[in-house]
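Protein sequences, first through last, are from chains C and A.
For the first sequence, counting from 1, position 205 maps to 205 in the numbering used here; every step adds exactly one.
For the second sequence, counting from 1, position 211 maps to 211 in the numbering used here; every step adds exactly one.
Certain hints may be false.
[To be verified] Computed footprint of chain A on chain C, listed as stretches where at least three residues anywhere in the stretch have a Cβ under 8 Å from a Cβ of chain A:
| id | segment |
| --- | --- |
| 1 | 49-59 |
| 2 | 131-139 |
| 3 | 248-257 |
| 4 | 309-323 |
[Said to hold, decoys possible] Computed Cβ-Cβ distance ranges for the label pairs, DEER-style:
| id | chain 1 | residue 1 | chain 2 | residue 2 | range |
| --- | --- | --- | --- | --- | --- |
| 5 | C | Asp171 | A | Gly338 | 51 to 61 Å |
| 6 | C | Pro362 | A | Ser173 | 27 to 37 Å |
| 7 | A | Thr358 | C | Pro375 | 34 to 44 Å |
Hints were generated in silico from the structure; no laboratory data involved.
Fair warning: this is a prediction, and the values are worked out from it, not measured in the lab.
Backbone N, C-alpha and C fix where the C-beta goes; we use that ideal spot for every residue, glycine too.
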Amino acid sequence: MDGMQASPDVVVIGGGNAALCAAITAAEAGARVLILETAPEPYRGGNSRHTRNFRCMHRGPLGPLTDSYSEDEYLADLMKVTDGRTDDTLARLAIRTSEECLPWMEARGVRFQPSLSGTLSLARTNAFFLGGGKSLVNAYYRTAAGLGVEVLYEAAVTHLNLDGDRIARVDYTCRGQSHSVSPMSVVVASGGFQADLEWLTRAWGAAAKNFLIRGTPYNRGVVLADLLDQGVESVGDPTQCHAVAIDGRAPKYDGGIVTRLDCVPFSIVVNRDAQRFYDEGEDVWPKRYAIWGRLVAAQPQQVGYVIIDAKSLELFMPSVFPPIKADTLEDLAQKMDLPPAALRETVDEFNAACGDTSGFHPTELDGVTTKGLEPPKTNWARPIDTPPYYGYSLRTGVTFTYLGLKVDETAQCSTADGPIRNLWAAGETMAGSILGQGYLAGFGMTIGTVFGRIAGREAAAHAS
Amino acid sequence: MQAELLHEARRQAEICNACRYCEGYCAVFPALHRERAFADGDLTQLANLCHNCRGCYYACQYTAPHEFDLNLPRALAEVRQASWEDFAWPAPLARAFQRNGLMIALAAAIGFAVLFWAARTFLPAGGDGFYAVMAHGTMIAIFLPAFLLPLASLAIGLRRYWRATGGGDIRLSDVAAAFGSAAKLRNLTGGHGDGCNFEDRDRFSHARRHMHQAVMYGFLLCFAATSVATLMHYALDMPAPYGFWSLPKLLGVSGGVLLTLGCAGMVALKLRADRNLGAPSAWGGEIGFVLLLGFVALSGLLLYVLGQTGLMPALLVAHLGAVLAFFLLTPFTKMAHGFYRLAALAREAANQRAVRMTGGETGP
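When you get a sec, could you build the whole thing from the sequences and use the hints?
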């Protein structure tokens with residue numbers, strides 16, 4: 001095989017946070033490690049390129065984190081979003097280990113900063129990467145290179161040959177050539193399948209064609225499908241994913257963070273028929289952004305329309321694309337392809353249901369609510385009556401899918417016959433083991449870091 | 001300024017403002033995040049606040065081949081470069097020299113010729129040391145205007161800058177903040193203290209910061225040496241030459257060594273850095289300027305070492321010719337950046353002060 005003189009001890013499939021944590025840990029334990037990253041170098045790092053923080057338990061002030069965030073509070077936050085659909089043992093393992101991860105990350109070049117502007121509600125629980133996820137990925141690649149880890153870019157794994165209770169061979173192509181390698185240990189950290197639109201369509205039906213993929217176009221689930229076909233145990237539901245409502249004009253792939261819209265709490269959101277469908281003011285946006293992806297997905301043609309007026313324009317983070325603007329609601333409806341009379345009726349009905357707005361407070365649950373309206377708007381309910389009016393279209397942006405490989409506390413994969421002796425999984429490809437549904441900001445990086453390190457440790461121990 | 005440079009900087013700034021991941025790297029991002037829309041003056045200010053540390057480029061998830069094609073260090077460098085050419089007085093001189101190393105070399109050659117001509121024409125009547133080659137009065141007659149004219153030009157340029165970026169009053173505390181930041185090159189520390197990304201892609205290092213410090217403090221030491229010597233000459237009636245343990249020599253020799261090494265280091269770093277993350281068309285002008293400054297320093301040191309030899313008259317003419325070109329070109333070469341950078345840092349301090357007074361940022 002190219003580059004590496006002898007066959008590697010450990011092959012890591014994937015090139016994002018979980019893969020790098022596994023590779024670094026294994027290399028530090030003395031293993032010869034090869035990373036097979038399917039993306040070209042500028043796009044290395046999978047979805048980790050787009051991340052920005054790490055949710056971290058801490059018993060006292062730790063790095064950029066103030067105060068404390070206990071295991072029980074963290075678990076309770078997770079239970080709230082997953083509605084109890086989680087593996088308690090694995091969830092506690094991820095949470096408990098997150099505390100020692102933060103200094104580990106710093107020692108390997110990751111730098112943190114205080115909470116980013118617009119994310120103050122996460123200041124205590126989430127450690128933000130200075131420069132974002134790509135800077136984390138860059139730091140880890142530098143650290144890995146220093147440890148002698150070899151990285152092949154544009155190396156697409158096509159098949160893992162499962163022979164009884166072990167992976168006997170890894171087949172991959174690299175720049176048009178086919179290769180095989182037979183390492184002692186294999187770590188799969190190649191994400192979900194969300195970039196494979198056919199697979200999404202099988203799970204979601206035709207609606208999936210209207211979804212946008214927020215992250216890397218390289219997470220097509222090839223390795224995941226190959227392993228599931230060979231009877232490797234899976235976990236999770238193929239329709240479950242981390243999906244948020246994003247700007248409908250975002251690129252099909254890789255739009256990342258800038259396509260988010262924070263204006264929903266100050267708006268009304270209607271569907272194609274200009275009808276409201278959910279309480280826009282249920283909670284502060286960081287606690288609700290993750291449910292709106294599914295809400296929009298359930299609407300006709302999987303699209304929503306945010307309507308705000310001039311009063312609210314500067315209450316949220318600037319959008320990457322400017323809003324659609326008009327002096328009357330009818331003109332706005334026309335520009336957004338909504339039925340003008342129906343939009344007027346919906347807004348009038350909403351405005352009539354608004355009460356005393358003197359308690360309006362944009363950054364707190366202010367209890368400024370509608371009366372007698374269905375669905376209600378329970379906070380920030382101010383009439384939409386001050387021109388010019390502004391609108392955004394909303395679409396479902398999928399971050400990652402939850403159907404994945406089932407693992408145990410050592411990140412080891414298994415078949416119905418028992419553990420696969422030399423196969424471990426980490427990151428989004430096994431996150432469904434913990435996230436049955438819903439999403440908790442910064443938890444994806446926690447799962448990737450914790451299980452990446454475990455997988456690397458186990459893979460190296462097995463190889464030696 | 002060409003509208004397309006501002007247009008491109010605005011396009012990129014708007015994307016950055018929706019992302020904000022780079023907030024911790026330097027002063028540019030907190031300043032950028034305070035705005036919702038970017039007027040030409042805002043972009044000019046952001047461009048001059050940018051130290052081209054490149055941290056944001058290597059951390060960016062939207063660089064090419066991504067369709068957003070962000071390269072903020074370059075977009076701001078292009079605006080910055082154009083702003084120096086627009087604000088300079090007379091502007092055509094800046095357009096001639098800012099991007100053109102050959103023109104700088106030509107100016108240095110003319111400087112040599114002027115000094116050679118002056119040495120030949122105004123033969124000193126007696127005098128020791130250097131003054132045997134050129135009379136003190138002749139030197140003053142050449143260098144006093146060569147020092148004051150550029151200062152007047154810079155003052156006009158800075159006034160234009162201040163007006164273009166919003167006008168308003170300036171407080172001593174703003175100026176102090178600007179000098180404090182420049183003294184430590186705080187904006188090249190990367191926010192985390194690991195330095196910037198310059199000579200080796202995404203690796204953080206202090207190499208550029210340290211080389212720049214050597215140039216800056218080396219230059220200031222040399223300038224202090226000249227100032228002290230001037231005082232000694234006029235106020236204390238102690239004309240040159242001075243011995244090694246005199247203040248002018250101690251300052252000058254240490255400054256000259258720092259400046260020479262710093263300039264050599266800067267050239268070496270610039271040769272390794274990716275030119276596409278600055279204003280590529282200005283690269284030659286920048287290198288020409290650094291070489292001229294390095295030559296000033298090196299010729300000054302040689303003059304000290306070889307001052308008692310037959311090479312002295314030729315070295316003196318070369319050194320003074322380079323100094324002359326350097327001074328006269330100050331408003332029209334990379335040297336101007338220091339002045340505009342200080343103005344931008346002072347402007348940023350003033351803006352922060354205004355935000356504190358009005359009670360913080362807009363939006364949640």
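Results for each hint:
Check result for the segment 49-59 of chain C against chain A: holds, 3 residues qualifying (beta carbon to beta carbon below 8 Å, three or more required). Only residues whose beta carbon comes within less than 8 Å of a beta carbon in chain A count, and the segment 131-139 of chain C has 6; three or more means the coverage holds. Counting residues of the segment 248-257 of chain C whose beta carbon lies closer than 8 Å to any beta carbon of chain A gives 4, which reaches the threshold of three, so the coverage claim holds. With 7 residues having a Cβ less than 8 Å from any Cβ of chain A, the segment 309-323 of chain C passes the three-residue criterion, so the hint holds.
Take Asp171 (chain C) and Gly338 (chain A): their Cβ atoms lie about 59 Å apart, and the range 51 to 61 Å holds. The given range of 27 to 37 Å is respected by Pro362 (chain C) and Ser173 (chain A), whose C-beta atoms sit roughly 32 Å from each other. As the Cβ distance of Thr358 (chain A) to Pro375 (chain C) is approximately 38 Å, the hint placing it in 34 to 44 Å holds.
Hint check: no violations occur; every hint is consistent with the structure.
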